[in-house]
Amino acid sequence: MHDIYNFVSGPLVWVSFVIFFGGSLYRLISMAVLARKKDVFVYEYMSLKFGLRSILHWIIPFGTVKWRKNPLFTIVTFTFHVCIIFIPIFLSAHIILWKESWDISWWYISDTTVDILAVVVIASCIFFLVRRIVLPEVKYLTSVSDYVILAIVAAPFITGFWTYHQWAGFRVMGIIHIIAGEIMLASIPFTRLIHMIFFPFTRGYMGSEFGAIRHAKDW
Amino acid sequence: MAEPAIKRSDESSKIVDEGIDKGIARLTPEKIEQVINKVLAAETGARLKTYVETCVHCGLCSEACHYYLSHDNDPKFSPAGKVKQTIWEILKRKGKVDPEFIRDASRIASTECNLCRRCAMYCPFGIDIAYLMSVVRRLCHMLGVTQLYIQDTAHSHSATLNQMWVKEDEWIDTLFWQEEEAQDEISSLRIPIEKEGSEIFYSVIAPEPKFRAQLIYQAAVIMNAAGVDFTMPATPGWDNSDQCMFTGDYEMMGRLKKVHFETAMRLKVKRIVMGECGHAFRSVYDVGNRWLAWKMPPIPVTHAVEFYYELLKQGKIKIAKKYDKPVTFQDPCNIIRGKGLHEKARYVVDALCEEFIEMHPNREHNYCCCAGGGVINTGPQYKMKRIKGNRIKAEQLFATKTRGAKVIIAPCHNCHGGIEDILHHYGLDMELHFLGDIIYKVMEKPV
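Protein sequences, first through last, are from chains B and X. Read in order, the letters of the first sequence are residues 1 to 219 in our numbering. Read in order, the letters of the second sequence are residues 220 to 666 in our numbering.
Isolated chain B, as found in the complex:
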């Protein structure tokens, strides 16, 4: 058990971080190179000002017509995305691991708050799942991979929640939790979770086209 724990919380962490950062960098560079080769005009039309203008509207809750038209979805998706980025970084248990390994630490969120936020994330995942099953326009687009991706994202939070509350088998669950987190991190560059990396570029490009060339809003 200790050996497994040491393995997943040691070398595997390195592996997942290398895959995540290396993979993301690779995807970004290969996109940039391909664009330079095949869609060179993208570089001509990309505008920092209008790209950021569009991105800003889209990352502010209710900042676009679309967000305003679907208030429930907007609240859920914003809370969800903020939580899945901030919980792992600002959870005290994670910070202790950083402290033990590298003797670095930073501000953390109280465990009670994280506990609640974890429930919010899990509930959001259920919301996305139900949406996929119930809404015809989402169901039509859904393939097996969409459920797999959702499971990849939900798993670290479900297992983490379990471990924190020390329910039955929590030691094993703790190990599963670490593995689940590593799988999630490592799968970002190679699944549609890449939208995390590509969002600024796709949105920024549309914002540039709309803003600089077409003098119109895209939100």
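Hints are supplied without guarantee of correctness; some may be wrong.
With a straight-line cut-off of 16 angstroms between C-alpha atoms, the simulated EDC-like cross-links for lysine to aspartate or glutamate are [to be verified]: (1) X:604 with X:291; (2) X:602 with X:640; (3) X:313 with X:249; (4) X:429 with X:389; (5) B:217 with X:562; (6) X:544 with X:569; (7) X:625 with X:648; (8) B:69 with X:282; (9) X:604 with X:640; (10) X:315 with X:252; (11) X:268 with X:308; (12) X:311 with X:252; (13) B:139 with X:293; (14) B:139 with X:282; (15) X:514 with B:44; (16) X:664 with X:404; (17) X:607 with X:293; (18) X:514 with B:39; (19) X:250 with X:319; (20) B:37 with X:262; (21) X:489 with X:413; (22) X:620 with X:577; (23) X:532 with X:569; (24) X:540 with X:663; (25) B:38 with X:262; (26) X:268 with B:39; (27) X:607 with X:639.
Calculated from the structure, these hints are not laboratory results. Quick caveat, the model's predicted, so the values are computed rather than measured.
Dock chain X against the given chain B, drawing on the hints supplied.
Chain X only, in chain B's frame:
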């Protein structure tokens, strides 16, 4: 759990279209695979790849699309739904699709999407679904599968450099004819042909000389009343329209725009002013110029709406008596989402009309007319598809009518075609006009 992408719809088979049927008959799976992979390798790259891999299948784009809304939220008509049935499948199967797949893909990309780009404002990632549909059209074009009617206009473009098989002498004759007609009203009126060094080259789409010649008459009256130094060419290159952009015949699109720009250069004008047409503006200002490697058009291009705005703002046209019927305004995609002319258009409408009633949604968020993007040009077989595919427009217009609007102003030929059919089919008793019609009615005219 996953629904199959391809549900053979009866719809394609119900419609008889020789362009499609004969094109399909010539195809073999091997040829399809070879052509698709060749085109994808040569012409697509980071955009296609990134768009396809970034889409999280969330369905948020659905409510952007008038086809989706008009078909009781049928997911097959959602923007991403159309991508699923076409590009996703093509990529997944690496081009190994059968001729019937191409028939469906052509139907979806060319008759169930107007490339209006409204969905780009509803997808959080800003995925350019109109671009993805254009890729499908390009593939169909390269496979020789294009709807007969629009292919005919593309042939006309290729043979005559205008969309409607207008011969050179007919074109010149039409200008003389409209000049003469207008001289009955304003004796000093001229339509200067081939006047080198003019300020403005006024360009129109071929349907104007073909069957809407009164628009040339009206434009001439406006130009003369405003004292504008303009000219129209006697040579091919006068037509700014471009159906080749919509069939995916980009080589021809390039030729058309080249001759258009070169005509302006030859006439040594300072800028091109275009009539009230949306798709032509898209071609000249946004798409065709890019094919020719011009980041922006090599010569300034002004759409009629912006031109009227200038004339009114500078007091070059005086209004005798404002138009007294309550009007509403159709924001055409290609000059609103394509050039942001919505506020200028409202300035013009306010200057001309007593009462203006907004339709909702409006400006960038207005619903498409369902005729643009080459859809109306695919021919009469697809007319009911267009009309049924835009019930939402009828509802939007009806709501505006109940708030008092009697007249719709649409500064775009495609919007006119689409809305005319909608008004007729849904029994909406409303008038439909161009801005030029209204200006002509209310302006002070010289004698």
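Q: List in ascending order the numbers of the hints, as given earlier, that are violated by the structure.
A: none
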